Amino acid sequence: MMTGTQYLASLQDGRTVFLDGARVHDVTTDAGLGQSARIVARGYDALHRPGPDARNPVFTIPRTAEELRARCELLTKHDVTLSLSAVAMALLTSSTELTHADPAAGERIQHWFDDCATRDVRFAELITDAKGDRMLAPSQQDDPDLYVRVVDRDSTGVVIRGAKFHTTAGPIVHELVVLPTKRMKPGEEQYAIACAVPADTPGVIQITSSHHARHGHPRDKPISAKLAIPDSMVVFDDVHVPYERVFLDGDVARSAVIAHSLGLWERLSGVAHMAHLGDQLAGMAQLVAEANGTAGISHIKDKIADIVIYATMTHACLEAALANSEVGADGMLLPSELYTNAGKLHAANHYAVMVRHLHDIAGGTIATAPSFADLANPETGAFVEKYLRGAKGVSADERLALFHAIRNMTADEWGGREAVSWLQSGGGLFAQRTVTRNHYDMAHAKATARALMEPIDD
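For reference, each letter of the sequence shown is one residue, going 1 to 458 in the UniProt record's numbering.
By construction, these hints were calculated from the structure, which means they are not laboratory data.
Predicted, not measured: the structure shown is a model, and the values here were computed from it.
Please note: incorrect hints may appear among the correct ones.
Stated by the list, open to error - Each pair of labels, with its calculated beta carbon distance range:
id, residue 1, residue 2, range
1, ARG214, THR76, 24 to 30 angstroms
2, ASP238, ASP360, 48 to 54 angstroms
3, PRO144, GLN12, 33 to 39 angstroms
4, GLY51, ASN349, 27 to 33 angstroms
5, PRO202, THR99, 27 to 33 angstroms
6, ARG389, GLY428, 52 to 58 angstroms
7, GLY51, PHE165, 38 to 44 angstroms
8, PRO144, LYS301, 57 to 63 angstroms
9, ARG450, THR368, 54 to 60 angstroms
10, PHE165, PRO202, 48 to 54 angstroms
11, ARG450, LYS185, 35 to 41 angstroms
Where a beta carbon is used, it is the ideal one built from N, C-alpha and C, also for glycine.
Could you put together the complete structure from these sequences and hints?
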């Protein structure tokens, strides 16, 4: 297993990354990307175990309910790059079906997974294409590169061209896993490509956005300082991929298999994270109500109760997803499709309302609070201390901490990024609604309805 220091050194590989219009020659020393890399490095150190046989627990294949639960708990305790291991679980889940068309696919996936575990590397999932005009199929676009495609091949591998969006952690991981964004149709074989590409491969260009704390007192951004991870648009400018790293190549009939599997594992991670997030929202709402002296007001209590119910229902869906898990073809334990998708849909669908409740409880000062630098400034500190005090015994320091945490969590650049992420992650609300509907036992529901209409047998 790698240590945090070894992880940081592994990123100094000459990868091509741009941020804010400028080339970043070393992501570990950049002000923003370096901050994110150090977040991941702390996760490496927290999980590190010495010895040649040590293995990061994120590479454990869940085969029991306890192991599946342990996986969910692991994902909520550490940086988001562990959650991105969903793409590895998706490949393993899909391997049996992919092998029907390509007998070597399963072996390639297993070999790649074992190699990643041995090297203790992190990966990113690349699924969303540029798409251009979304009413047109890939083959109908005015530019054929708007979906990642195979443009050439030889005896050693394929050459891919195109771009993938929304690549969380792309600049600070080792493996970029490319998947088809949807089911391709006959005639679109060039777009049915799934493969793993090292981040330092020639022709891979990452154009990055970062949400790290760029200015101000460190305590003004307490959450993004611990969690902020960059996102990138990854361009493949005629990138060669060896066949041993290709998992799907031209099989349009199975082009959506991996994406569907990824949705399940992504949404399980989302439910686990949003259950934890629900607890954080409830705790923050109660703390700020107490600090403001409003915790006893009826409408404040009602809003906090709504957040408590939201958190409880999300936890309940997570528990149901684990309790109703099923064994897959290869012995891996899979969470319930029904409860995983219903839980993620519920949590994402109602998140904005819970944030609105929190803002209403906290008040406008979450947007206008002075900086902690103002509290520390001898010329302004006494005024901030005097006027930012809250209920009896609540200092300006404590109240400022609450306001800045709520702002950072829900109302600034990082909070806005997170709001979009919770909504869109796992394929968006429509996909989650569709999968929930498809896995619901409607035959049973219709039978219970018919039973109500049956006459009484005297």
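Here's how the hints hold up against the structure:
A hinted range of 24 to 30 angstroms for the beta carbons of ARG214 and THR76 is consistent with their spacing of about 27 angstroms. For ASP238 and ASP360, the hinted distance range of 48 to 54 angstroms is satisfied, since their beta carbons lie about 53 angstroms from each other. At about 35 angstroms, the beta-carbon gap between PRO144 and GLN12 stays in the expected band of 33 to 39 angstroms. Taken as a hint, the range 27 to 33 angstroms is violated for the pair GLY51 and ASN349, whose Cβ atoms sit roughly 45 angstroms apart.
Taking 27 to 33 angstroms as the suggested C-beta distance range, the pair PRO202 and THR99 conforms, at roughly 31 angstroms. As the Cβ distance of ARG389 to GLY428 is approximately 44 angstroms, the hint placing it in 52 to 58 angstroms is violated. Between GLY51 and PHE165 the CB atoms are about 40 angstroms apart, so this pair conforms to the stated range of 38 to 44 angstroms. Evaluation of the 57 to 63 angstroms hint for PRO144 and LYS301 yields a pass: the beta carbon distance comes to about 58 angstroms.
Take ARG450 and THR368: their Cβ atoms lie about 59 angstroms apart, and the range 54 to 60 angstroms holds. Against the hinted window of 48 to 54 angstroms, the Cβ-Cβ separation of PHE165 and PRO202 comes to about 21 angstroms, which falls outside the hint. Taking 35 to 41 angstroms as the suggested C-beta distance range, the pair ARG450 and LYS185 conforms, at roughly 39 angstroms.
Of the numbered hints given earlier, the model fails hints 4, 6 and 10; all others are met.
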